[in-house]
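Enquirer: Next come the chains, spelled out residue by residue.
4 protein chains.
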Amino acid sequence: MTVSRAVELDGHIIDSGTLQTCFTTIMEQGGTFEVESFDIGKSETDESYARLSVRADTEDELKAIIHELHQNGANPIDPNNATLEPAPADQVVPTGFYSTTNHPTDVRIDGEWIPVERNEMDCAVVVERTPAGARATARVLNAIEADDQVVVGETGVRVKPPERPRDNSGAFGFMQGGVSSERPSQSTIAKIADAIIETKSSGGNVLAVCGPALIHSGAREALARLVRTGYIDMLSAGNGFAVHDIERDRFGTSLGMNTETLDHPRSGHKHHIYALSEVIRAGSITNAVGEGLIGSGVMYECVTNDVPYVLAGSIRDDGPLPDTITDTIKAQNAIREQAHQADMVLMLSTLLHSVAVGNCLPSTTRVVCVDINPATVTQLLDRGSDQAVGMVTDIGTFVPMLAEQICE
Amino acid sequence: MTVSRAVELDGHIIDSGTLQTCFTTIMEQGGTFEVESFDIGKSETDESYARLSVRADTEDELKAIIHELHQNGANPIDPNNATLEPAPADQVVPTGFYSTTNHPTDVRIDGEWIPVERNEMDCAVVVERTPAGARATARVLNAIEADDQVVVGETGVRVKPPERPRDNSGAFGFMQGGVSSERPSQSTIAKIADAIIETKSSGGNVLAVCGPALIHSGAREALARLVRTGYIDMLSAGNGFAVHDIERDRFGTSLGMNTETLDHPRSGHKHHIYALSEVIRAGSITNAVGEGLIGSGVMYECVTNDVPYVLAGSIRDDGPLPDTITDTIKAQNAIREQAHQADMVLMLSTLLHSVAVGNCLPSTTRVVCVDINPATVTQLLDRGSDQAVGMVTDIGTFVPMLAEQICE
Amino acid sequence: MTVSRAVELDGHIIDSGTLQTCFTTIMEQGGTFEVESFDIGKSETDESYARLSVRADTEDELKAIIHELHQNGANPIDPNNATLEPAPADQVVPTGFYSTTNHPTDVRIDGEWIPVERNEMDCAVVVERTPAGARATARVLNAIEADDQVVVGETGVRVKPPERPRDNSGAFGFMQGGVSSERPSQSTIAKIADAIIETKSSGGNVLAVCGPALIHSGAREALARLVRTGYIDMLSAGNGFAVHDIERDRFGTSLGMNTETLDHPRSGHKHHIYALSEVIRAGSITNAVGEGLIGSGVMYECVTNDVPYVLAGSIRDDGPLPDTITDTIKAQNAIREQAHQADMVLMLSTLLHSVAVGNCLPSTTRVVCVDINPATVTQLLDRGSDQAVGMVTDIGTFVPMLAEQICE
Amino acid sequence: MTVSRAVELDGHIIDSGTLQTCFTTIMEQGGTFEVESFDIGKSETDESYARLSVRADTEDELKAIIHELHQNGANPIDPNNATLEPAPADQVVPTGFYSTTNHPTDVRIDGEWIPVERNEMDCAVVVERTPAGARATARVLNAIEADDQVVVGETGVRVKPPERPRDNSGAFGFMQGGVSSERPSQSTIAKIADAIIETKSSGGNVLAVCGPALIHSGAREALARLVRTGYIDMLSAGNGFAVHDIERDRFGTSLGMNTETLDHPRSGHKHHIYALSEVIRAGSITNAVGEGLIGSGVMYECVTNDVPYVLAGSIRDDGPLPDTITDTIKAQNAIREQAHQADMVLMLSTLLHSVAVGNCLPSTTRVVCVDINPATVTQLLDRGSDQAVGMVTDIGTFVPMLAEQICE
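Chains as they are written, first to last, in the working numbering: chain C, 1 to 408; chain P, 1 to 408; chain V, 1 to 408; chain Z, 1 to 408.
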């Protein structure tokens with residue numbers, strides 16, 4: 001016995017790889033298919049349309065296949081509404097809940113397709129009925145409350161993976177090439193600079209996600225310059241990043257080493273404790289800047305130029321700054337807000353914070369990921385952003401060259 | 001004008017490198033010295049003694065040199081007590097506070113040398129006078145309270161870096177060789193197995209610090225076996241480690257992939273959310289084991305065999321288990337307790353948690369660090385444990401081979 | 001003005017990605033296209049057919065696009081013969097020579113399509129007319145002689161990139177998944193073992209390409225066992241690999257370290273010089289085995305079991321064994337012979353030799369690439385083999401586990 | 001029964017670590033010792049002297065210990081001449097031959113200590129008696145001829161490991177810090193620039209060892225500038241480096257990619273074959289420059305500025321340039337000549353060629369090693385140069401920043 005179900009795809013389904021993915025998915029999962037209808041776009045601007053009848057031996061296998069197809073933009077042909085079930089308890093999802101991808105998604109409620117707001121991957125979709133109509137929102141497990149109406153199954157859910165852009169002549173054209181470890185470094189940096197400038201000139205927001213290696217490697221002044229000149233709109237980092245940045249301002253050192261002379265001055269290893277201690281006494285970084293305790297650097301420029309920052313605490317910290325969010329749930333929520341406001345994200349030599357931000361990003365956000373470890377860059381690019389570029393390079397030379405390229 | 005001060009060293013100061021370090025430190029910092037007295041141990045069991053007169057151009061330079069010498073076990077010759085100053089506020093240290101190394105340290109209070117308890121690096125030393133006498137304790141910045149009596153300067157502080165052991169014939173003899181990336185893998189694993197067995201048979205505690213790669217790479221069953229057979233006494237990990245371990249038990253997958261067949265079963269990507277959701281419903285991992293929800297794996301063996309664990313939350317988590325400590329300060333304190341109880345620490349493919357544990361370790365604790373990234377191993381071994389060995393290998397083959405070696 | 005030309009594709013052009021590649025290639029190169037004819041395979045076993053009219057602004061641009069399409073399996077519709085031009089001198093190609101891909105290729109000579117023999121990438125195609133008919137052979141630049149008839153341009157050349165196999169249930173099904181660094185190690189090794197067994201049981205040849213790290217890491221005995229039991233048919237390595245293997249046999253050390261006890265016995269650092277010296281005196285490895293000088297190890301098993309080996313010299317060598325080919329051109333030719341005879345290639349922790357072998361492989365050969373450096377694995381897999389799998393792991397644990405899996 | 005033998009050490013044996021190494025060596029090898037005489041230098045400029053009586057249980061064990069001590073600068077107290085034995089055949093050493101370290105070494109012949117010329121590690125010492133007196137030369141195994149008088153045993157051999165320099169205030173002061181991956185990049189580059197300038201201004205020779213990644217990453221113009229301005233005196237590279245450099249000049253591409261626009265122009269993948277083909281036709285790189293075929297780049301500047309280069313062939317090459325030495329023995333000999341003439345060596349993103357050069361270097365040559373892979377840098381620095389510094393960074397940003405620092 002065979003069971004079957006029809007799915008349909010439309011858009012630039014050939015060059016975006018959607019049709020290919022569907023064919024291979026069906027075969028890998030042990031199903032078969034028949035192309036019931038296929039209308040190929042005659043030229044590169046025309047869209048195509050395909051309707052496939054997917055077959056499997058059992059209902060269960062068919063469901064598994066349809067599930068995968070659905071994640072990849074082949075939507076079941078059905079006019080049915082999404083199925084809703086109440087969450088059984090706080091932070092508990094109903095069995096069979098629909099788990100989101102990071103692609104734009106609609107759900108069908110009362111016969112209408114409505115977009116899922118604040119979408120990111122691995123969330124449940126909660127539907128609320130308001131006087132103004134139904135609203136659907138992606139929610140992480142933490143944020144699920146008992147009796148929330150949660151979408152279950154795949155019926156009435158429509159996913160639209162971003163299509164390959166028709167035009168790659170702009171600054172972002174190069175952003176589809178994956179990891180670049182053997183590419184010309186200076187030219188790649190120039191392309192990234194162009195993409196930042198284009199993002200800013202079209203009114204977009206740039207979020208910089210920064211690891212402490214940025215300070216140790218001497219890139220602090222260049223990043224401060226980018227903040228000061230308005231190319232960074234938000235900053236996400238760990239407590240250590242801010243402590244080292246402030247240590248550098250107060251004592252000229254980073255982890256006790258003078259980043260210019262490479263000397264280790266006396267008592268240098270205490271500097272980060274002093275830096276922490278002084279900001280704690282002042283009450284906040286803003287206060288410390290106000291009192292004149294801090295007069296330069298990334299955090300100084302953030303305070304002075306009203307660039308909002310999120311500092312997340314970590315189990316490695318010598319102690320939290322007053323500004324640091326030590327609860328990881330609260331820190332994640334603050335990061336989530338930043339991620340949803342960003343049009344372009346620079347991930348600068350931090351795996352932990354980059355993954356945290358990346359988890360919250362829709363697949364349409366532009367991402368540049370820079371690290372000296374190729375495994376880190378590969379891991380971050382694997383998370384499925386559509387317009388992402390990775391560069392395996394030294395953050396200590398990258399940021400100064402980028403700042404020079406952008407600001408001059 | 002020249003100023004000078006005498007310092008003395010004793011013990012196995014030649015083969016432990018102490019004397020060499022002192023000579024080079026003085027020269028690097030621009031000072032000069034005269035050996036006032038030197039008594040070399042005639043044979044390998046005799047101790048040596050040296051007294052140096054250290055000279056510099058200014059009092060400030062001299063202080064800087066003495067400071068460095070002091071960190072390395074050359075103690076100023078003075079019968080003076082340590083200087084104490086009150087902490088000006090909570091989490092604020094007095095200027096010039098003595099910042100600890102991770103070596104055994106004494107402070108001189110009321111004419112007596114007393115050991116600094118719970119010592120670890122980058123702490124302040126707080127002295128309390130009790131009816132039973134003075135006590136000195138190392139405290140992280142977080143734990144400093146206003147008016148705590150804090151040691152400042154170097155007077156009355158004595159550091160004893162661990163000496164090179166006289167005998168390296170035992171299981172730990174090999175643990176002074178730094179990172180091993182071109183060493184024979186199976187033989188090195190056999191040596192590590194011996195060291196664990198020896199630690200256990202002499203009544204020591206073994207702490208395993210575990211990253212999620214351990215589960216993804218299929219080493220879960222082998223680690224569970226080590227817990228079950230009593231070779232792991234404590235476990236330190238992140239929320240993700242436990243979630244993936246439980247996902248594997250409930251659904252046979254890790255991050256959605258079946259770790260045996262390498263298939264990606266239907267809906268696999270939801271499994272970790274379900275695993276989380278079910279434990280939340282049960283109230284704790286222990287409850288979930290009690291209810292029979294969890295029947296195998298590392299966390300199961302921990303619960304069943306009363307092996308205490310600390311799960312720290314992270315900004316990357318899809319959501320915390322009820323057992324997870326989401327506040328990083330509280331999590332660090334829990335990790336600190338584990339670190340101080342451990343006689344041997346296995347750092348298994350996690351940089352974040354290994355650094356957190358390593359920060360709290362005295363230099364006398366034995367450390368084995370295993371990661372596939374050589375930079376991670378180097379960074380962890382640089383933190384100054386005296387009996388530490390690193391191995392650059394695949395955690396997915398290392399743990400099974402280790403378990404086989406130990407348990408058979 | 002616009003110029004245009006028709007190309008056609010057939011086969012499993014959707015799920016193999018061919019059609020997608022063609023669409024994106026045209027757009028990236030600034031061309032446009034019209035689908036003149038499209039016949040989609042109705043089910044997963046049917047082939048599809050597409051004919052595109054490709055347009056560009058200038059003849060030069062059109063040529064560039066057609067060139068790229070051609071490399072990817074879209075062949076110009078023309079009944080013309082390939083154009084031949086004589087090579088102007090030894091090792092010199094005529095301008096516009098056709099440079100091969102590593103995919104199966106035909107050229108049209110005297111109205112007939114004939115296959116290019118011994119095809120590999122970056123070669124010229126030389127056509128010879130023999131009494132038995134025309135023959136076409138791929139030749140590296142080195143091998144071109146003055147007046148050889150060399151194919152120029154793309155007319156009369158047909159490329160067939162391998163299609164996605166219809167069935168991935170067998171041992172090789174998993175070999176399309178790229179690099180596996182977070183995959184379960186033991187299960188992946190089991191899959192590789194299955195693929196080797198299947199290759200052997202279907203009469204195929206397995207070529208092992210080995211780096212010296214294999215010996216240092218203690219995997220020598222396991223590899224020797226695979227040679228002895230007949231799972232390795234050919235071996236390709238450098239001089240150093242053989243020297244260290246023989247050093248281990250003669251002295252129990254590798255680079256002076258005892259690979260079992262991890263001791264460095266007296267004079268260990270001279271062992272590799274002695275090993276070299278003794279084989280030189282014997283005249284060859286075979287002689288040294290015959291004289292009983294060598295009694296175990298990889299080279300011993302190769303000699304004893306008639307497994308042919310190629311040892312290439314390197315500028316790093318302490319000195320060449322009599323068996324080592326010190327001329328790089330001759331060594332490359334010997335490697336080329338091996339590569340063309342292999343049905344499956346194991347690349348074991350050597351970038352240099354793996355690239356050398358990989359350069360000579362057609363895209364249809366199965367490749368397993370194992371290295372602890374993820375960048376090495378990525379670089380090797382990028383070379384375009386169609387059935388290739390990479391694993392980031394420790395060669396010192398990989399080979400023993402593989403041998404156990406295969407031989408037991 | 002115990003056997004014993006006296007050894008002596010002098011110089012800055014404490015701060016150079018020599019005495020420490022000797023103590024630990026004796027203990028690790030199971031021996032004991034008595035300090036018979038010890039005269040410590042009273043101040044940092046005074047030398048020290050130690051005479052130890054080393055004891056072991058058997059003559060064999062004692063020999064093993066003395067052997068190790070000897071390698072580390074503790075010389076047996078004996079007035080005996082070195083023992084000479086004839087080499088039994090070409091490329092065959094007598095049993096017990098003395099294998100060199102890379103430290104300055106003397107041998108005692110006819111009652112006189114004479115220096116070993118052209119010393120490098122893993123060589124035999126061949127003594128020739130000439131009318132002008134005896135001469136001792138280090139010879140690789142290849143260069144040994146039957147009946148050469150070869151030093152055997154340790155008698156009459158004296159090793160002087162370089163001492164820690166008394167002054168580290170100059171440009172080379174920083175060159176004792178090992179690998180720098182978390183150090184400030186720009187400041188480290190400035191230090192390296194100073195060291196190059198100092199080497200040149202004191203009449204020294206700078207050898208650049210270059211990998212092809214240097215061209216791919218876009219650093220070609222900067223390196224060409226350093227050659228043109230006289231900061232590079234010799235160049236060592238592989239065939240591929242030169243081919244890609246010339247491809248860039250002829251076609252604007254490297255491996256087919258335009259290193260400025262990042263485009264892949266039509267037929268780009270054939271460019272390196274054309275580049276090769278054209279130089280072959282011209283007969284040599286010099287001819288090609290003379291004919292105006294090559295007008296820019298590293299090889300062009302070498303030819304134009306009479307900077308000698310060695311190009312070694314490899315089994316990876318698409319074909320050798322006429323200038324390339326394809327025999328690895330001959331290539332190694334050419335590299336050896338360069339290495340012995342160099343006062344400072346820059347190892348730029350090539351493991352293979354850097355190891356080849358490093359093998360031939362005495363321990364007194366200054367070495368800077370730059371690579372993006374930390375394992376490569378660690379491996380190269382482990383080879384025992386005394387004044388070596390490693391930097392983990394991107395060669396594509398490093399060379400341009402270095403050239404700017406030096407030339408402006």
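Please note that the accuracy of each hint is not assured.
For identical chains, the list gives no copy identity; a pair is met inside one copy or between any two copies.
Claimed, not checked - Here are the computed lysine to aspartate or glutamate pairs in the EDC-like style, where the Cα-Cα straight-line distance is at most 20 Å:
1) Lys200 to Glu408
2) Lys200 to Glu112
3) Lys63 to Asp306
4) Lys42 to Glu8
5) Lys160 to Glu117
Source of the hints: derived by calculation from the structure; they are not laboratory data.
Enquirer: With reference to the structure, classify each hint as holding or not holding.
Expert: Okay, the hints, checked on the actual structure:
In this assembly of identical chains, Lys200 and Glu408 lie within 20 Å of each other by CA distance solely inside one copy; the values are 16 Å within and 33 Å between copies. Taking the closest pair of Cα atoms, Lys200 and Glu112 never come within 20 Å of each other, the shortest separation being 36 Å inside a single copy and 59 Å across copies. Taking the shortest Cα distances, Lys63 and Asp306 never come within 20 Å of each other, neither inside one copy (51 Å) nor across copies (42 Å). Within a single copy, Lys42 and Glu8 get their C-alpha atoms as close as 19 Å, and across copies as close as 15 Å, so both meet the 20 Å cut-off.
Taking CA atoms no more than 20 Å apart as the test, Lys160 paired with Glu117 passes inside one copy only; the shortest distance there is 14 Å, against 46 Å between copies.
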